[in-house]
Structures are given as structure tokens and as C-alpha cells.
Amino acid sequence: MTIVFWILAALTVAGGLAAVTLRNTVHCALAVTAAFAGLALLFLQLDAQFAGFAQILVYIGAVAILVVFAILLTRESETTEHAVFSRTWLAGLCIAAGVFAVLGWAVLRSANAIPQQATAPVVAVKDIGNALMSRYVLPLEIVALLLTAAMVGAVVVAMHEKGDTK
Amino acid sequence: MNPLARYLLVAALVFAIGLAGALTRRNAILVLIGIELMLNAANLNLIAFWRYGAHPEALTGMMFAVFSIAVAAAEAAVGLGLVISIYRHVRTADLDKMNRLKG
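These protein sequence lines are chains A and B, in that order.
Following the numbering used here, the numbering of the first sequence begins with 1 at its first residue and continues without gaps.
Following the numbering used here, the numbering of the second sequence begins with 167 at its first residue and continues without gaps.
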């Protein structure tokens, strides 16, 4: 089990690193898809099958495709001859390293306090459906409204303006 | 090492990578990719705490992660729509060149 975890963690981290460092934007989209797949497999490893498959459907199925479409629609961002990192990249890198240092320090220092349930929880999809329709029905409705609003909003924002000849 | 601590460390690393990407890249789409990586790292934390914490049968962490995935999908759609819209306006996706508020 531990070997599988380390392989998946390496896949996720390598995908993320490639996504933020590669020059070609299409390669970055491919690398971030690998990172999303690694995270979905980590969810499956954590006995959260529903969340894992939701992650595969939403991220690999929809968000990755959306990113590729956006890259193709913004043509000159495919490959750039000039610098791909902003002028303040050193400050950004320092902030990210500092955030990781603080988070890692907090996790390692609280190793005795964090819970460790040994037995895997058994959750059927039926239980999830029951919970979504009873206890979490208000958040579900709000998410439905949010998704409708986001869909309409994305279409309105990306639509050609009136009088725009192109 | 504690099994939960391993997942938390991986999530922290992915979050830091996403933050570095969002802070250092010039391309607006890659900044959005960095934000997506950060959201995913938070989801991994939620699922890991749900798995190793008390009362997993209450499904709290799992539901939080599933709703978070849905909200992240909405965010990605609107964000990429905004990138395409501003690209049509200024003909660039380079954030360092988008330095005017006036249209």
C-alpha cells in the first residue's frame, strides 16, 4: 500500500511541477491532466471512490478539455519565444517555498495529535445519495443554482459583443 | 510516518507548486492551472481527514470535497471565459502586458 501511495504521489507532484515549468502551454495542459489523474487515484487510495470518480469526470473530462480549448482560442499563447515567467518570479518562488515550509513544519510538528483511524470506512453510493437528498439538500440546490449561473455567465462573458466584426 | 501526515505533506507540496505557478507564470491560462492545483490540494486534505478522522460514516469531508469540485468547475468555466474575452480585447494572454484598466 505504501509503495502505491509513493508512486501516485510522485506522479502527482511530477505532473504539477511539469505543469508550472514547461514552456509549451499545450504540454502544460497535458502535465496538469496527469496531476489531476494522480490526485483522483489518491482519492481512490483513500477509499473515497465517489469523490475519485467525480474528480476524473469533472477534471480530466471537463476542465482539461476546457483548458485545451482556451489555449487553442488564445493562439499566440501556445508557444512563446520570450520569457514565460514574470519579472517577479523570484519573489513568487520565495513565497511558495515559505508557504510549503510553514505547512510542512505544521504537519510534522503535529504528528502525534492528528487522528489515525485504521479501519477503512465502508460507504455505498446509496448512502451518498441519501445524504445528498436529506442532510445536504440545501447545499446541493445552491450548487445547482451556482452551476447554472456560471454556465450562463461564461457564455455571456465569452460571447462576441454586438458590433464586433471578428 | 503517520499515514495521514503523508497525505497532508503531498497536499502541501501540490499546494506550494500551484501557488508558485500562479505567482510566477505570465500566461493567464497557466495562472488558472495553478489555482486549480491549489484547489485540488485542498480537496486532498479534506478527503484525507475524512478517511482518517473520527465518524467517517457522517460523510462530512467527502461531501465538502464533492461540492468543492463542483464549485471549482464553475470557477474554471468562468475564468477561462474571462481569459478568452480579454484576449479578444487586447490580443494577448500575457498578464504582464495587461496593465491598463481603461478598455
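FYI, nobody ran anything at the bench for these hints, they're computed from the structure.
Mixed in with the good hints, there may be bad ones.
Derived lysine to any residue pairs resembling SDA-like cross-links, with alpha carbons at most 25 Å apart [to be verified]:
# : chain 1 : residue 1 : chain 2 : residue 2
1 : A       : 126       : B       : 233
2 : A       : 126       : A       : 58
3 : B       : 263       : A       : 72
4 : A       : 126       : B       : 220
It should be emphasised that the depicted structure is a prediction, and the values quoted were computed from it without experimental measurement.
Task: 25 Å limit on alpha-carbon distance, applied to hinted pair residue 126/A and residue 233/B - done: holds, 17 Å
- [ ] Mind checking the alpha carbons of residue 263/B and residue 72/A for me, to see if they're no more than 25 Å apart?
- [x] holds, 20 Å
Open item on the list: Tell me if the straight-line CA distance from residue 126/A to residue 220/B falls inside 25 Å.
Closed with: holds, 21 Å
- [ ] Compare the distance between the alpha carbons of residue 126/A and residue 58/A with 25 Å, and conclude whether the hinted pair is satisfied.
- [x] holds, 21 Å
Every hint from the earlier list agrees with this structure, and none is contradicted.
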